[in-house]
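Engineer: One letter stands for each residue in the lines below.
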Amino acid sequence: MNSLLPSIVSRSQSSGIMNFFVPIISIVLTLITGSIIFVLLGFDPVYALYTFFISPISSTYGISELFVKATPLALIAIGLSYCFKNNIYNIGAEGQLTMGAIFGGGIGILFHDTNAFWLLPLMIFAGAIGGALWGLIPAILKTKFNTNEILTSLMLVYVALFILDYLVVGPWKDPFGYSFPKSRPFSESGRMPILFDGLRVHFGLIITLFLIFVSWFIFSKTILGFQLKVSGYSPKAAKYAGFNQTTLVFFAFAICGAFAGIAGLAEVSGPIGLLYRDISPNYGFTAIIVAFLGRLHPIGIIFASLVIALTYLGAEDAQLFLQIPSAVGFIFQGLVLFYLLGAELLINYKLTYKKLL
Amino acid sequence: MSDTILNIENITKSFPRVIANKKVTFDIKKNAVHAILGENGAGKSTLVKILYGLLEPDEGNIKLNNKNFKVNSPAEARKQGIGMVFQHFSLFDSLSVKENLILGIDEKMSYSDLENKLENISSRYNLPLNLDAPITALSAGEKQRVEIVRILLQDPQILIMDEPTSVLTPQEVESLFVTLNALVKESRTILYITHKLEEVISICDTVTIMRNGEIIDTSSTSNQTAKTLATKMLGQKLDDLKTNYGQIKDEVNFEVKNISCDFNDPFLTDLKNISFQVRVGEIYGIAGVAGNGQSELMDILTGENINIKSGSITFDNKKIEKYGPQKRRDLSISFVPENRLGHSAVPELSLSENILLSQFPKNNFIKNGIILKNNVDDFANNVINEYKVITPGNDAKASSLSGGNLQKYVIGREISSKPKILIISHPTWGIDAGAEHSIRESLIELSQNGTSIIVISQDLDELIEITHKISVIYDGNLSKPFNTSEVEIEKLGLLMGGKNE
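In order, the protein sequences belong to chains A and B.
In terms of numbering that gives the first Met the number 0, the first sequence is numbered consecutively and its last residue is 356.
In terms of numbering that gives the first Met the number 0, the second sequence is numbered consecutively and its last residue is 500.
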């Protein structure tokens with residue numbers, strides 16, 4: 000007779016092929032679970048899944064929107080992988096994104112009536128600085144006082160959001176905005192150039208692809224990437240090798256903050272064009288899922304960002320055509336993460352039923 | 000058959016990549032100390048784990064007192080009369096001896112019963128214990144006593160001892176042997192797992208020799224010598240190693256002076272005024288029982304810890320006590336800490352990548368921050384060939400290598416750069432005798448070419464075999480050095496136990 004409750008036992012070897020298939024299996028399982036949820040809600044699952052995952056990208060405009068959403072997700076996720084590879088759990092990218100938007104957007108507001116070629120680069124630079132500075136706060140707290148970066152980076156998200164809130168209802172409020180909580184619009188040269196006429200996909204996509212390429216190079220070819228990897232796998236070995244771990248923590252947080260900051264600036268100077276309260280539909284948090292779904296690998300992150308961006312678009316279409324609340328999109332994101340973590344566990348561990356005598 | 004307590008018949012156990020036990024068959028006689036002798040990786044541990052219910056055999060039978068014996072957990076094994084004392088103690092450091100003993104009992108027992116039983120066991124088997132002492136305050140030998148008493152409370156017929164002497168001083172070993180003899184007199188049987196030949200001859204009645212998962216021989220120890228046992232255990236003859244005092248130059252190139260370090264941590268040993276000198280071409284050994292400040296001293300020698308209270312380290316006339324590991328490597332100092340997995344090597348990375356953990360100025364592995372992969376791969380291949388590391392290639396993960404192979408690789412990496420001094424901790428800990436011999440050989444060869452070597456080791460036999468000088472570390476104090484060729488083992492044993500006449 001076997002006992003009812005299985006116990007979790009470590010596998011002696013984890014399968015390399017399964018490692019590769021984990022993201023795919025998670026997505027398939029998510030779709031199956033999603034269909035069951037649709038059936039329970041009384042919808043034809045095939046039609047619902049079509050509305051959710053196919054119809055949003057069946058037009059050129061839809062595909063452009065997919066890239067608009069995927070751009071910040073991919074950029075933040077690649078930044079996060081600097082931290083996660085180093086075993087630093089920075090979950091405050093949303094705050095770093097907000098700070099980037101505030102710094103870069105602040106420049107945009109200051110020069111709202113200037114049209115010059117240097118404006119956008121300056122805003123991007125300021126966005127990177129803002130995000131990086133916000134990211135360095137948990138880095139300092141971690142290295143000087145040994146605080147847990149999960150807590151501090153998360154709490155700083157809310158601080159950043161309140162600062163943005165204060166600015167758009169207070170000092171930075173648009174004097175011609177009928178008291179709406181928003182800033183002046185940026186000048187034309189403070190906006191991200193549109194890549195194709197009539198579509199919203201913007202220059203931020205090019206910046207993202209470039210930074211993903213640079214990150215791939217750093218991760219796979221440089222001693223810096225090697226140091227991040229070693230100190231993630233084994234801090235003692237990093238110490239033995241003489242790698243400066245404090246520097247690595249600062250570096251990872253600064254890069255991640257800068258990337259999130261650029262993503263934030265790209266949002267406000269791209270599709271939005273000004274500062275207001277809700278500049279990000281949780282891109283900073285969702286990018287955590289993207290980073291893990293993409294196995295912290297640059298190519299993986301590109302695909303993962305497209306998949307997760309689709310859940311945003313699908314949720315909007317589902318709300319429109321099926322009258323399902325758009326929060327269903329978050330359910331899908333949650334399911335992906337759930338299955339991802341579950342599959343990850345089963346790769347390294349197996350369930351066994353102990354024999355009872 | 001009446002004098003046989005345990006029959007092991009055709010036990011086979013295979014793991015994904017190795018067969019750990021191949022048709023293992025032998026009998027164990029009652030009232031005897033039965034040794035299982037073999038190198039690390041010979042399959043001894045697998046066999047005893049099967050006996051103790053930690054592993055299930057693929058095939059085969061075990062009979063205890065002529066009855067089929069099959070257990071699925073250590074608790075069941077204990078109920079059937081088999082107890083085991085592990086090499087690594089499983090005691091709660093922050094609790095007292097008494098509390099640890101209470102936690103180890105499977106059945107209910109009243110407190111007064113327990114005390115009576117304890118007193119009985121302590122006096123009968125030469126196992127004195129201070130019940131109220133916290134475990135942290137005990138020496139390794141005393142901790143082992145707690146483990147033995149804990150098992151004896153369950154009154155086992157068979158007691159399995161896994162490498163019991165590996166952490167003991169020579170004096171503690173003597174006292175353990177008295178206990179074992181008393182146990183056997185009371186009609187208990189001891190299954191004694193070891194790779195130390197002298198112990199087999201001095202304490203055991205019968206010996207089963209294992210090699211590569213198979214039984215080579217089971218015979219009485221009375222007609223065996225250390226030599227005959229070694230040949231059977233290794234399957235080959237090993238040359239004797241020789242140290243030569245003539246190679247030492249009269250020039251001190253590494254000097255530690257009055258190093259003190261306080262940690263304010265109950266789990267670390269403070270270092271107290273440690274001084275020693277190493278000359279060019281000399282192998283300097285630091286002996287001692289584990290936990291007397293070795294790893295703390297190692298961290299200071301490597302530069303992983305530069306927060307010392309006082310003292311200095313001088314190398315080639317430079318003060319280096321404030322230098323980190325990389326700065327010391329730049330001066331041609333190399334080091335190999337005790338732990339391979341996760342300290343001197345990263346198990347998840349390939350052998351090639353592991354080269355990059357330790358870079359010396361002349362290596363040419365990096366240009367403008369970019370890794371020159373060809374140079375690194377060449378270096379890795381060189382180490383693999385030169386030091387006969389068994390591996391499919393330089394892209395194999397470090398975790399896929401056996402302990403001995405990985406250690407050969409790590410040491411090869413360090414000495415390929417021809418350092419002026421090598422600081423190495425427990426060079427042959429947990430590896431098989433073949434690799435052990437080749438590592439000791441390469442250390443001696445390195446010193447002949449003018450490299451100074453500092454060896455920290457618990458293995459006194461190893462230090463005596465390869466060093467020129469030995470000092471002993473006890474509770475953070477380092478004794479004066481002795482010439483290895485002249486010092487008496489008893490003297491070192493006393494120092495290891497903290498007795499300095």
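Calculated directly from the structure, the hints in this document are not laboratory data.
Incorrect hints may appear among the rest.
[Said to hold, decoys possible] DSSO-like, lysine-lysine: derived pairs with alpha carbons at most 30 Å apart:
1. B:326 to A:220
2. A:141 to A:228
3. B:28 to A:143
4. A:235 to B:21
5. B:48 to A:228
6. B:317 to A:220
7. B:317 to B:417
8. A:235 to A:172
9. A:84 to A:172
10. A:349 to B:21
11. A:349 to B:48
12. B:321 to B:387
In this text, all values refer to a predicted model and were calculated from it rather than measured experimentally.
Engineer: Tell me, in ascending order, the numbers of any earlier hints that this structure violates.
Structural biologist: Numbers 3, 4, 5, 6, 8, 9, 12, in rising order.
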